[in-house]
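The primary structure of each chain is shown beneath.
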Amino acid sequence: MTIEKARYWAENMTELSKNDRLWLNNPVIMQGVGLAPMVVAATSGYTALVLAVAVAVMLTPTRVGGAILRKALGEKYDRFAVLCYAFPAALCYIAAYFLVRHLWGPSALQQVGVYLPLLVFEPLIIRRYRAAVPEGPARALRRGLYTTVGYLVVLLGVGLARELLAQGSLMDVQLLDVQLFPLAAQPAGGFMLLGAVCAAWRGRVRAFKRNIYQEVERNK
Amino acid sequence: MSVILKALAEFVLYAVLAAFAQNAVLSRALGVSHLVRLVDDGATGNGAFCLLLTVVQVVAVPMCWGANQLLTPFAYRSAVRPLVFLLITTAACGLVWLVYWLALGKKQSDDAHKEMGALLATASFNSCVLGTMLIVTTQSLTLPQAIGFALGSGVGYYLAVVLVAEGQRRLRNRRIPMSFRGLPITLLYLGMLALAIYGFTGHTLLI
Chain A
1374 MTIEKARYWA ENMTELSKND RLWLNNPVIM QGVGLAPMVV AATSGYTALV LAVAVAVMLT
1434 PTRVGGAILR KALGEKYDRF AVLCYAFPAA LCYIAAYFLV RHLWGPSALQ QVGVYLPLLV
1494 FEPLIIRRYR AAVPEGPARA LRRGLYTTVG YLVVLLGVGL ARELLAQGSL MDVQLLDVQL
1554 FPLAAQPAGG FMLLGAVCAA WRGRVRAFKR NIYQEVERNK
Chain B
46 MSVILKALAE FVLYAVLAAF AQNAVLSRAL GVSHLVRLVD DGATGNGAFC LLLTVVQVVA
106 VPMCWGANQL LTPFAYRSAV RPLVFLLITT AACGLVWLVY WLALGKKQSD DAHKEMGALL
166 ATASFNSCVL GTMLIVTTQS LTLPQAIGFA LGSGVGYYLA VVLVAEGQRR LRNRRIPMSF
226 RGLPITLLYL GMLALAIYGF TGHTLLI
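As you go down the protein sequences, you meet chains A and B in turn.
What the first sequence shows, in this note's numbering, is residues 1374 to 1593, in sequence order.
What the second sequence shows, in this note's numbering, is residues 46 to 252, in sequence order.
Chain A on its own, in the form it takes in the complex (with noise of 0.2 angstroms):
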């Protein structure tokens, strides 16, 4: 990284790590949010896309809806936030049942069982309503997409790594003649897993941070 770059990001660090919705402050890793899904449903790259589709149909529709409406409703009603979000959620929620069952037919809907209609009160889909201050649309739409893209890379990520450790094969192509970690296509393996994931990622983020500052501090 050129010098100018690293200044760059140390100067702007805090307002960079909060937009980036991918790498840096990314739902899952550093939010925690989404975890039902990714530890229990999620066993293998077929159910991890299947619930990758939902979210992508759901977030930021939902996320876009309930600015609009909470903006509409005004600061007197802001005590009915949550329904601005979770409407629009159950709304959003008939399509992606809709297009799941049109792409993979019912039996999809079969394997990630309650996890799918789950989403709608899922804190990732509907945690904007505690926010104190109601945001804009325009925001809302970039804000959702990020964190969209941002959570649909660890779900795909983690749901294809449990499918690789549990059962030797990924999405569906059988590679490996051995189970690795069998327990990963059970709730405490994906636990475990995510676990682990969260530390390395985290450990990652960390010294990414640290070299930016300590390259600034040599050239200074």
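It should be emphasised that the hints constitute simulated quantities derived from the structure, not laboratory data.
Glycine residues also receive a C-beta, built at the ideal position from the N, C-alpha and C atoms.
One or more hints might be untrue.
[As the list claims (entries may be wrong)] Okay, the calculated beta carbon distance ranges per label pair:
id, chain 1, residue 1, chain 2, residue 2, range
1, B, 207, A, 1581, 32 to 40 angstroms
2, A, 1452, B, 61, 32 to 40 angstroms
3, A, 1552, B, 48, 47 to 55 angstroms
4, B, 188, A, 1393, 43 to 51 angstroms
5, B, 188, A, 1475, 33 to 41 angstroms
6, A, 1396, B, 221, 21 to 29 angstroms
7, B, 61, A, 1474, 33 to 41 angstroms
8, A, 1483, B, 49, 29 to 37 angstroms
9, B, 144, A, 1530, 41 to 49 angstroms
10, A, 1542, B, 223, 28 to 36 angstroms
11, A, 1396, B, 184, 39 to 47 angstroms
12, B, 96, A, 1452, 15 to 23 angstroms
13, B, 163, A, 1377, 41 to 49 angstroms
[Stated by the list, open to error] Here are the simulated EDC-like pairs of lysine to aspartate or glutamate, each with C-alpha atoms no more than 20 angstroms apart in a straight line:
id, chain 1, residue 1, chain 2, residue 2
14, A, 1378, A, 1393
15, A, 1449, B, 156
16, A, 1378, A, 1590
17, A, 1444, A, 1508
18, B, 159, A, 1377
19, A, 1391, A, 1545
20, A, 1449, A, 1508
21, A, 1378, A, 1388
22, A, 1582, A, 1377
23, A, 1449, B, 155
24, A, 1378, A, 1508
25, A, 1582, A, 1448
26, A, 1582, A, 1388
27, B, 159, A, 1448
28, A, 1449, B, 85
[Unchecked claim] Some chain B residues well away from chain A (every beta-carbon gap over 10 angstroms; in silico):
id, residue
29, 103
30, 114
31, 218
The hints should help you fit chain B onto chain A, whose structure is shown.
What follows is chain B alone, placed relative to chain A:
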């Protein structure tokens, strides 16, 4: 008489099952994102949160059981179930608020009402509540079984909160590598607790 006794036995059995063997957090990870935040944020009363969650669940589950019976002939009931359950949760949340208002409304300050409102919203619109309602309906439980399951699920959530809070207290240790502190070590700890639950359930879980 035997019908009442049977219903009571089913209620108790499902309550115990939901609290321990099929613990909402440890076997199904329901409400785990909230739990991690709740335990981290020591300011919020864990007991009050779990009490509200349990009460809303117990109030909402009979309504969602009835609604599910009405939805049975509808071909695409699974698509609209979350919307119906959202309406039921809203009604249950309103009912709990009304009882609170009638019992303590005039004695509390505006700030206390605001705090209670925020806590009730977080406890009601929680994936543990929706998850419990969905499990009760997809597994076709009878009404006593459903209410028992809802009660046990709330108690199980509280047990998980207590276990994780105590675990985190003991895990605040300098010997734990920096990268593992906070969420990663909590997830590993939850994984180990979930592993202990396999002693009750075996390796298969209906989701």
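Going through the hints against the structure:
1. 207/B with 1581/A: 32 to 40 angstroms: Since residue 207/B and residue 1581/A have Cβ atoms about 37 angstroms apart, the given range 32 to 40 angstroms holds.
2. 1452/A with 61/B: 32 to 40 angstroms: holds (37 angstroms)
3. 1552/A with 48/B: 47 to 55 angstroms: Holds - the Cβ-Cβ distance for residue 1552/A and residue 48/B, about 48 angstroms, lies within 47 to 55 angstroms.
4. 188/B with 1393/A: 43 to 51 angstroms: holds (49 angstroms)
5. 188/B with 1475/A: 33 to 41 angstroms: Because 35 angstroms falls inside the window, the suggested range holds.
6. 1396/A with 221/B: 21 to 29 angstroms: With Cβ atoms ~24 angstroms apart, the hint holds.
7. 61/B with 1474/A: 33 to 41 angstroms: holds (36 angstroms)
8. 1483/A with 49/B: 29 to 37 angstroms: Holds, at about 36 angstroms.
9. 144/B with 1530/A: 41 to 49 angstroms: holds (46 angstroms)
10. 1542/A with 223/B: 28 to 36 angstroms: Between residue 1542/A and residue 223/B, where Cβ atoms are some 35 angstroms apart, the hint holds.
11. 1396/A with 184/B: 39 to 47 angstroms: holds (40 angstroms)
12. 96/B with 1452/A: 15 to 23 angstroms: With a Cβ separation near 20 angstroms, residue 96/B and residue 1452/A satisfy 15 to 23 angstroms, so the hint holds.
13. 163/B with 1377/A: 41 to 49 angstroms: About 45 angstroms separates the Cβ atoms of residue 163/B and residue 1377/A, which means 41 to 49 angstroms holds.
14. 1378/A with 1393/A: Within the cut-off at roughly 16 angstroms; holds.
15. 1449/A with 156/B: Within the cut-off at roughly 16 angstroms; holds.
16. 1378/A with 1590/A: Status holds; Cα separation ~13 angstroms.
17. 1444/A with 1508/A: Satisfied, since the Cα-Cα distance of roughly 8 angstroms is no more than 20 angstroms.
18. 159/B with 1377/A: violated (48 angstroms)
19. 1391/A with 1545/A: violated (37 angstroms)
20. 1449/A with 1508/A: Measuring from Cα to Cα gives roughly 16 angstroms; hence the hint holds.
21. 1378/A with 1388/A: Since the Cα atoms of residue 1378/A and residue 1388/A sit roughly 15 angstroms apart, the hinted pair holds (cutoff 20 angstroms).
22. 1582/A with 1377/A: Holds - the C-alpha atoms of residue 1377/A and residue 1582/A are around 15 angstroms apart, at most 20 angstroms.
23. 1449/A with 155/B: Status holds; Cα separation ~15 angstroms.
24. 1378/A with 1508/A: violated (30 angstroms)
25. 1582/A with 1448/A: violated (39 angstroms)
26. 1582/A with 1388/A: Status holds; Cα separation ~13 angstroms.
27. 159/B with 1448/A: Distance ~14 angstroms between residue 159/B and residue 1448/A Cα, so the pair holds.
28. 1449/A with 85/B: violated (31 angstroms)
29. 103: holds (17 angstroms)
30. 114: Residue 114/B is indeed farther than 10 angstroms from all Cβ atoms of chain A, at 18 angstroms.
31. 218: Holds, since 15 angstroms exceeds 10 angstroms.
In summary, the structure is inconsistent with hints 18, 19, 24, 25, 28 from the numbered list given earlier, while agreeing with the others.
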